[in-house]
Every structure is written in C-alpha cells, then in structure tokens.
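Chains as they are written, first to last, in my numbering: chain A, 1 to 305; chain B, 1001 to 1475.
Mixed in with the good hints there might be a few duds.
What the hints assert, rightly or not - Beta-carbon label-pair distances, calculated as ranges:
(1) 138(A) with 1371(B): 40 to 46 Å
(2) 1394(B) with 272(A): 57 to 63 Å
(3) 1071(B) with 149(A): 49 to 55 Å
To be verified - Below, simulated DSBU-like cross-link-like pairs (lysine-lysine); rule was C-alpha separation at most 35 Å, straight line:
(4) 174(A) with 153(A)
(5) 277(A) with 153(A)
(6) 189(A) with 1445(B)
(7) 277(A) with 1136(B)
(8) 1136(B) with 1445(B)
(9) 174(A) with 189(A)
Rather than coming from a laboratory, the hints here were simulated on the basis of the structure. Here a beta-carbon is modelled for each residue, glycine too, at the ideal position from N, C-alpha and C.
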Amino acid sequence: MEVFFQQLINGVTLGSIYGLIAIGYTMVFGIIGMVNFSHGDVFMVSTFIALIALMILTTWIGVGSILIALLIVLIVAMIFTSLVSWTIERVAYRPLRGSFRLAPLISAIGMSIVLSNFVQVSQGPRNKAIDPILNHVFVLSAAGGYQVTLSYKQILIVVVTAILLAIFWWVVAKTPLGRAQRACEQDRKMAALLGVDVDRTISITFVMGAALAAVAGTLYLVYYGVVNFHDGFTPGVKAFTAAVLGGIGSLPGAVLGGLLIGLIEVFWSAYFSVEYKDVAAFSILAIVLIFMPQGILGRPDVEKV
Amino acid sequence: MTSATDPNFARPAPPTPVARAAREALFAAIIALGVFGPLLAFRTTQDMQNRLIVETRYGLIAIVVLLVFAGRFLLSLWFTRERPEAGPALGARLSGLMPQGLRDIVRTGLPPAALVALFVYPMMILSLTGGSGALKWIDNFGIQILIYVMLAWGLNIVVGLAGLLDLGYVAFYAVGAYAYALIATKVIPATFPGLGVWAFWICLPVAGILAAFWGVLLGFPVLRLRGDYLAIVTLAFGEIIRLVLINWTAFSNGYEGISTIPRPSFFGVPFNASDTGFAATFGLEFSPVYRTIFLYYVIVCLALITAWVSNRLRKLPVGRAWEALREDEIACRSLGINTVNTKLTAFAIGAMFGGFAGSFFAARQGFISPESFTFMESAVILAIVVLGGMGSLIGTAIAAVAMIGGTELLRELDWLKAIFGRDFDPAQYRMLIFGLAMVAIMVWKPRGFVSTRMPTAFLRSRRAVSADHVKEGHG
C-alpha cells in the first residue's frame, strides 16, 4: 500500500508535466487540425532556456532565494519559448495553410529535426546536469519500513501546474481572445467573416501552447535536473498520447489524459518493468486511437463525403 | 509583409521601399535575437571539476543577427521591386526557354540516360579515382543513396499510390535487416552450414516475406484509421518494434546489436582472398572494391525491381484500386471495392520492399543495431517521398539524390576547416541542414519536385495532370 501511494504521488507529478505539454498539441489540433510535430522539441528547447537562465541567475547574479530564481526562470523560459514557437508558426506553418494536408506535417517534422539538431550543435550533445535543488522531503508515512515521501519539488510542480491551468482556463473561457479561439476552432471561415483575425488567433494559440510547454520544461528541469537535446521526442509523443487519450481538441481532456499517462507510466514501471514503460505508452496510444479515437472527453468524428 | 503589402490599407504617405525594407529587417533582427539569443549567446558546458558552467559567445549571436538583418533586408527589397503581375512560375519560364523538340528529347531521353549513367557509375569512378578512393564514392554516394531510393519507392506504394500515411516504415526495414541477420548468424550455421555462402540469396526472399507478413499484421488494426491518426499509430508501431529490439536482449542482443553478419557472395563465390574467392576465380588481384561494386549492382537491381513492380502494379486492378482509394475511400466502398484487401496489399507490398532493403542493409553493413532504425529514418524516407512529389518515381529519386547525397557531401567539405577553424566539422550540421531543407522545400513547393502525374487510366488521350488535382488520401 505504501508503494502504491508513493507511485500515486510520483505519477501525478509526472502527469502534470505531460498534461501541460498535451495542451499545446490539443489546442493546435483543435484549431487547425494539424499534429504539431515539433511541439515536443519546443518543450526540449524550453528546458535548455530554463537551464541557461537558472545558471545565469544562480552563478553570475547570485540570486539568493531559489524560489525567486525559479519564478524568474519560469517567466524567461515562457517568453523566449513563445517567441520560438511564434517564429516557427510564422516561417514553417503559415505559408502552408490551405495547402495540401501532408505539407504542414512534413514541415513540422523538418522543424523538429531542426530544433533538436540546432540545440545539439549549439549546446553540445552531452547530458547537462544541474545540482539538485529543493531537496527537502516530507515523510508522510513510514509504516513497514517503506517511507512514503512528498518532496518540495513535487508540491511545486503540482501547485504551479494548477495555478497556470486556472489562468489558462480563465483566458480560454472568459476573455475575448479565448472566445476568438473557440470560434476559430468551430468554424474558421465563419469566424473570419465575423471579424476575427484568424491568423493572429492561430499565432496566439501556438504562443500559448509554447508558454505552457515552457512551464513544463522548467518543471522538468527542476524535477529531473538533467536535460539533453534528444529529450523532446519521447515526452512529446507521450504528451500527444495524453491529448489523444483525453480526446483531442478538449482542454480538460488533455490534462486528464496527461495525469492518466503519468500514472500509467509510473505504475507500469513500479509493478511490471522499467524497460518496457515506453512500449506501454506507445501501446496505449495505438490502442486508444484504434478503439476509441474520440478519446475520453472528445467529440466523435463524423465521416463526411 | 502583412499590413504593409495590403492594398486596401491606405497610408498617408507610403514609405520608400528601402525604408520599409529596413524596418522589416530590423524587426526580423530583433526576433532573431530573441529566438537565437538564449541558445547561441550562452553555452552550458562542463568545467574542470565537471560542474556545469555558462560560457558566452556574444560574437556569434551578433553575426547571426546581422546575417538575418541583411537577409531580410535584401529579401524585402527583392519582393517590393516592380514585377509583372501573375507571371508564369519560374519553372515554367525556364522550360519555356527550351524549344518543344528539345523538351521532348529531355522528357523521353532522361530515364534511359539516367539508367545508363547508373550502370556505368562505378566503372567511371573506378577509372577516375583508381582503387582505394573509389570505395568511398561507390559506397557512401552510390549504395547509400540507392538504399534510400529503394525505400522511398517502397514507401511510395503505401503513401503515394494508396494514400495511407505511414510514419513507421522503418519497422519493416528493421524486420528485413534482423531477419537476415538472425537467420544468417544463428539458423543457417546450426542447420545447414553448407549453405553459408548462399545465406544472402536465401534470406533475401525470406526477409521480404516476413516483412510483408508484418505489414499485414500491423496494417490490420489500423484499417479504420485515417490521416494523421494513421500516421501516429504507425509511428507508435515503429517505435514499439525498435524498443522491443532494444530490450529483448535474448532475441536481438539489445543495444549491442548483431555483428559478423555474413556478407553476400557472388552467387556462391565469396569475396575473400582465398583460392576459391571471387578474385582468384576470375583471375583478378584481390581488392575489397569488387564486393562494393557487386553490392552496388545488387542494390541497383533491387531498386529497379521496386520501380518496375510499382509501375506494373499501377496498371493492374489492385493498383487502380489503390489510386481510387487515395482519391475517395467512400466512393470506393460504394462501388464494391474491397477496401480491406486493397489497404492490406498496399501495406504488404510496401513492407516487402522495405524488408528487401533491410536485408540488403544488414548484408552491406555486416553489423546492425536498433540505433539504425529510429523514427528519424522513417521521417527521412517519408520526407523524400513527399519532397519528390508523391507518386512520382523520378521525383522521388531526384529527392533522394538531393537530400541524402547533399548531406553526404557535407562530410567531404574539409576545406571549410580552413575558413572556420580546426574545430569546425561540417558533418555535424548534416541533419540541421536536412531539416531546414525539408521546411524550405515544403514552403517553396508543397507538392514536391515533380508536381505532375501521368494517369494510367484516361479518356482518349493520355495527358499529365497537375498534382493539385490528385488527392493525398484520407488514411
């Protein structure tokens, strides 16, 4: 039972990170019907931006409080990652809007290759490890010689995720911007006729997805303390799995899917085998798409002639 | 680009082209500073105590920002010059320069000329460089490119003809490679050791059949899926096969891979220095180049078989059904085409050629490991198919030569070290440039290099149709 609770805590932490990335996939898919293949690598770029910002703050400027440093890191990473994503959309996707369906997909795969190789060339191929931060843990229960612990990091991750999701939900549900986004999602042409600047709304969607990916990237850096240039692909595919599992196009679905994928991965590693945890994630992706393509909270897709 | 070029947007006094170009360039430079700034200006690296430190490279970021500024400035000026409205595209203008007769000669003469060039290429290289230098050119450029041409032609059956978007094609390549490697190193020595020299020729069809079987096996669950979903599920299957190959060490030896895979023989005559070897049998002096040349001709033949089969299949009922399926699946079903069989044959035949290519790859390398079968390979093959113009064999071949040959050429650019310093290694920019080229070609020509199709079924006269009228399939 102690093992179960410990894994539950770990799973929710990991799932929060996946959920944050998954929102980027689900929003872009909802609004332009495209699998944004480079999103996982945008997440990876954000981990590097966060790493550099953290290094500069702690070693050069010497910010004393780690929490203030992390807050600045978070904001810096969100700004720069959003800029990267905005540029990608502008350069690689917007010229292809209205073109045939495969073109943006190939362009996105190309961008994903560009991002990971750019980071490899500019930052080097080795793992970048930082000194562990926020190491304090609470011991929740120590029955039976097995300690169930909850670390500051995990609290931070869950709290930051919850706050940002609340802000994000408020933007999408209550602001004119969110209304424009939902309008574009339902019918882009009609939204344009009614005066919504569709291109701008799509750009902002990419920016918002990237900002949340940057939050995930910063939290990932804090949690694992190691980043690498090829760490974009697998978290990206898992987050996409989360988006599909929750029902692609549905925002609560993305978060729910993220939590589920995080829990499944953690429990699979704990009770079955660590080696096959990625196989489990990919299998879930295939099974969900084949048997339940609308996901848990998605709308069924109607086949039109 | 947006409001400045909008004709309906009235401005009191339009700025001069130079001023506007300068403003746009400044904007682009600021964006470039933000995009490249964090990752280029600062570099994280380990110091002597193996601790992470940050180094600065302000010079580099300054150069990049200046380059972006200059590039954007020139581009803006170029685009605001007076140009004829709605003029023909550059390609059409260029081909308009050629007289009709010459164009026909190019069109009808190109494939045979390319074939002849393909067959004399190793001889030509051999006579130009002599002996040892030829190996690299035949192997890295000839064989390497031809493997990708063959894979792309195989995938073209699935993606270009049947319109099924497959992002896990490398799985079948892996099945073929591991089939050959495992049968040749484990099964044949244990059962029929005498057949050792024939291993490649026995395993080639076996690998193809196994890959086709896997094509059906993986194709069956995804029959109902379409479009991007199909792409993602095939991606998942490709990754699952690779992860199983990594983790099931008893079967595949995991990350270490399989080495000492027997090399192919000249129909039973091995390529070695012994008295029964190829060189001794034909009275030649022993040289490793013979095996490379032989491998070159094997892959030429395999690739040509792929092309020939897919061209023939297009004219058979099953090929027509594939193309009909790509155009409209619902209409196909209404007209009584068995879409299950049609899709499965496309998966199986495409996978079979992937399997052939895989077993050739294992035979050429002599060593395979799961590292060779990553998602990146699938993406590269799919990119070649799409960049070539889906469905066009010539375009696909051109794309393979341009993309693979182009990136291989980077390995040869040692003189760049004289300019950028000793630490500069052009080969590490290979994939970066590959990715940039993918994006650039898609933005420039979303339909690929060859954007016309020759229909196999036509009314009265056979005319090329624009690819804009060809659907890319729903699933």
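Structure-based check of each hint:
One distance hint, 40 to 46 Å for the beta-carbon pair residue 138(A) and residue 1371(B), holds here, with the actual separation near 42 Å. Between residue 1394(B) and residue 272(A) the beta carbons are some 50 Å apart, a value that contradicts the proposed interval 57 to 63 Å. In this structure the hint that residue 1071(B) and residue 149(A) lie 49 to 55 Å apart at CB holds, the actual value being about 53 Å. A C-alpha spacing of about 31 Å is found between residue 174(A) and residue 153(A), which places the hinted pair at or below 35 Å, so the restraint holds.
For the given pair, residue 277(A) sits about 23 Å from residue 153(A) by alpha-carbon distance, which is consistent with the 35 Å threshold. The suggested pairing of residue 189(A) with residue 1445(B) holds, with an alpha-carbon distance near 25 Å, which does not exceed 35 Å. Between residue 277(A) and residue 1136(B) the alpha-carbon distance is near 41 Å, which puts this suggested pair outside the 35 Å criterion. The straight-line distance between the Cα atoms of residue 1136(B) and residue 1445(B) is roughly 33 Å, inside the 35 Å bound, and the hint therefore holds.
With a C-alpha separation of about 22 Å, the suggested pairing of residue 174(A) with residue 189(A) holds against the 35 Å cut-off.
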